[in-house]
Amino acid sequence: MAIDIHWIRDNDSLGQFCAQWQQLPFVALDTEFMRVDTFYPIAGLLQIGDGERAYLIDPLTIDNWKPLAALLENPAVLKVLHACSEDLEVLLRLTGSLPAPLFDTQLAAAYLNLGFSMGYSRLVQDVLGIDLPKGETRSDWLQRPLSETQISYAAEDAVHLAEVFVQLRPKLSDEKYAWVLEDGAELVANLRREVDPYEVYREAKLAWKLSRAQLAVLRELCAWREREARARDLPRNRVIREHSLWPLARTQPDNLGALAKIEDMHPRTVRQDGEFLLELIKRAASVPPEQWPPAVAEPLPIEASALVKRLRALGQAEAERLGIAPELMLRKKTLEALIKSGFPEGPYQLPDSLRGWRRELMGQALLDSLATAGEQP
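Numbering (our numbering) for the sequence shown: 626 to 1002.
Be aware that a few hints might be false.
Said to hold, decoys possible - Simulated restraints on C-beta separations: (1) Arg-855 to Arg-896: 35 to 41 Å; (2) Asp-688 to Ala-627: 27 to 33 Å; (3) Leu-881 to Asp-993: 33 to 39 Å; (4) Lys-934 to Gly-740: 22 to 28 Å; (5) Asn-862 to Ala-929: 30 to 36 Å; (6) Pro-795 to Gly-740: 35 to 41 Å; (7) Gln-645 to Thr-686: 40 to 46 Å; (8) Asp-688 to Lys-934: 52 to 58 Å; (9) Leu-753 to Leu-986: 50 to 56 Å; (10) Glu-828 to His-631: 40 to 46 Å; (11) Arg-875 to Leu-753: 52 to 58 Å.
Claimed, not checked - Straight-line C-alpha distance at most 27 Å; calculated DSS-like pairs for lysine-lysine: (12) Lys-907 to Lys-934; (13) Lys-886 to Lys-830; (14) Lys-759 to Lys-830; (15) Lys-830 to Lys-965; (16) Lys-957 to Lys-934; (17) Lys-834 to Lys-965; (18) Lys-834 to Lys-934; (19) Lys-830 to Lys-957; (20) Lys-801 to Lys-965; (21) Lys-834 to Lys-691; (22) Lys-886 to Lys-834; (23) Lys-834 to Lys-957; (24) Lys-958 to Lys-830; (25) Lys-801 to Lys-934.
Rather than coming from a laboratory, the hints here were simulated on the basis of the structure. Glycine included, every Cβ here is placed at the ideal spot set by N, Cα and C.
Construct all of the structure, not just a fragment, from the sequences and the given hints.
In C-alpha cells:
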C-alpha cells in the first residue's frame, strides 16, 4: 500500500497544518534525531500521522515552532507516541513544549498485557500483522537529501502508529486508559523536573562507600560535570568519565601527575580541565563539616532480598488480577526505597516514587505485608 506523504519545509506550511491538526481528536507523533557526540539530541525529522497521511516536518528548514508547541499543549488533542522518552527530549529542545495529554503505545500494550517494553516493530506485527522493514535508526538523519528508504521508513512509522492507536484504544477500559495517560503525564513531569546538578552525586556508583567529607568533593565534581556537559553540549562521559568520579573524591589528588593516574581518567580531561579540577577538589575538601552532605544510604543487605521478593509477588498477584504486565506494577527502585525506609525493624514509609493509582491500589497492602513480615517464623 502506497503511503500518502506530505512534506512540510517552511514556517507557513507548519502553521497551516498545525491549525488543521488542532481540530483532530488525536495525532500520532514520532521523531528521528542524532545524538552521538552531543548532550542534547539534534532533530533530523518529525513525523505526524493523522490516521490517513504521513506528514514529514523538516526541522533543518523551520525555525518557528510556536504552532507545534500550541498543538502539543492543546488538551483536546491526544498525542500518540511510542516508547517516547527520547522523543520528548527532542520536542522539548525544539519547541520548548511537551505533549499533553500523552498516550504511549508501549505503555498501552503493557496495560493490555501484550508484553512489557515492546519494540515498535513487534507491536506493529502483533497488532496490525505488518512486517516492518529493518529500521533506519542508525542512519544519518541530518543528511540532505534523505534516502528513499529513510523517507518510507519515517512515513510508515507515522501512519502505522496512528493505526496501532486506533486498534488499542477500544480494548482499554476507561480505568486502564486513564492509567496510560497518568503514566504519560508522569513521563512529561519527570522531564520537566530539571535535574539539580547538586543532587546528581546521590546516584553516583559507590557513593555510599565515601565519608561525608569525601561526599562533599563528589558532590562538586558531579555538579560541575553535569553543568559542563550541558554548557558544552557534550555527553557527560566526554567531560569526565563516570568511573573517574569515585576515585577522584576518595583520593583527592593535588597535582596533575596524580590526577592522570586516576582510574579511567582520559588524558584530554587532564589537559583541558586538570588545573581547574585540582582547584575544585581543594576547595570542596575545605568546606566545614556542617556543610557536608548527609551520608548516602548503603545498598540493601542480602537479608532484605526476601522482602523484595515478597512485595514483588504481591504486585504480581495484583497485576494478574488486573490483567496487566506485572512489570508495570511496582518498580524495583520503589520497592527498595520502601524497604530502606525502615529495614529491618520498621516502621516503613511509602516512598514518593509510589504515586497515583499504584499508591491507592498497593500502598496499604505493601505496608501491611511489611508489618506482618517480621511476625513470620
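Okay, the hints, checked on the actual structure:
At roughly 21 Å, the beta-carbon separation of Arg-855 and Arg-896 lies outside the given 35 to 41 Å, and the hint is violated. As the Cβ distance of Asp-688 to Ala-627 is approximately 32 Å, the hint placing it in 27 to 33 Å holds. For Leu-881 and Asp-993, the Cβ-Cβ distance of about 58 Å falls outside the hinted range of 33 to 39 Å, so the restraint is violated. Between Lys-934 and Gly-740 the beta carbons are some 23 Å apart, a value that agrees with the proposed interval 22 to 28 Å.
Roughly 32 Å separates the CB atoms of Asn-862 and Ala-929, a value that falls within the hinted 30 to 36 Å. For the pair Pro-795 and Gly-740, the supplied restraint of 35 to 41 Å is violated, since their beta-carbon distance comes to about 19 Å. At about 20 Å, the CB distance of Gln-645 to Thr-686 disagrees with the hint of 40 to 46 Å. Evaluation of the 52 to 58 Å hint for Asp-688 and Lys-934 yields a pass: the beta carbon distance comes to about 54 Å.
As the Cβ distance of Leu-753 to Leu-986 is approximately 32 Å, the hint placing it in 50 to 56 Å is violated. Between Glu-828 and His-631 the C-beta distance comes to about 44 Å, which sits within the given range of 40 to 46 Å. Arg-875 and Leu-753 have their C-beta atoms about 54 Å apart, which keeps the hinted 52 to 58 Å range intact. For a cut-off of 27 Å, the pair hint linking Lys-907 to Lys-934 is broken: about 44 Å separates their Cα positions.
Between Lys-886 and Lys-830 the alpha-carbon distance is near 19 Å, which keeps this suggested pair within the 27 Å criterion. Distance restraint check for Lys-759 and Lys-830: the Cα-Cα separation of roughly 36 Å exceeds the 27 Å cut-off, and the hinted pair is therefore not satisfied. Restraint check for Lys-830 and Lys-965: satisfied, since their Cα atoms lie roughly 18 Å apart, inside the 27 Å limit. Proximity of Lys-957 to Lys-934 is assessed by CA-CA distance (about 10 Å); at most 27 Å being required, the pair is judged to hold.
Taken as a hint, the Lys-834 and Lys-965 pair is honoured in the structure, with Cα atoms around 17 Å apart against an allowance of 27 Å. A distance of roughly 26 Å separates the Cα atoms of Lys-834 and Lys-934; the hinted pair therefore holds under the 27 Å criterion. The hinted pair formed by Lys-830 and Lys-957 meets the criterion: a straight-line CA distance of about 17 Å does not exceed 27 Å. Of the pairs offered as hints, the one joining Lys-801 and Lys-965 is violated, with about 30 Å between alpha carbons and a cut-off of 27 Å exceeded.
The hinted pair formed by Lys-834 and Lys-691 fails the criterion: a straight-line CA distance of about 48 Å is larger than 27 Å. Between the alpha carbons of Lys-886 and Lys-834 the distance comes to roughly 21 Å, so the proposed pair stays at or under 27 Å and holds. Taking the CA atoms of Lys-834 and Lys-957, the gap is about 22 Å. The hint holds against a cut of 27 Å. For the given pair, Lys-958 sits about 15 Å from Lys-830 by alpha-carbon distance, which is consistent with the 27 Å threshold.
Under the criterion of a C-alpha separation no larger than 27 Å, the hint pairing Lys-801 with Lys-934 is consistent with the structure, at around 26 Å.
The structure is inconsistent with the numbered hints 1, 3, 6, 7, 9, 12, 14, 20, 21, although it conforms to all the rest.
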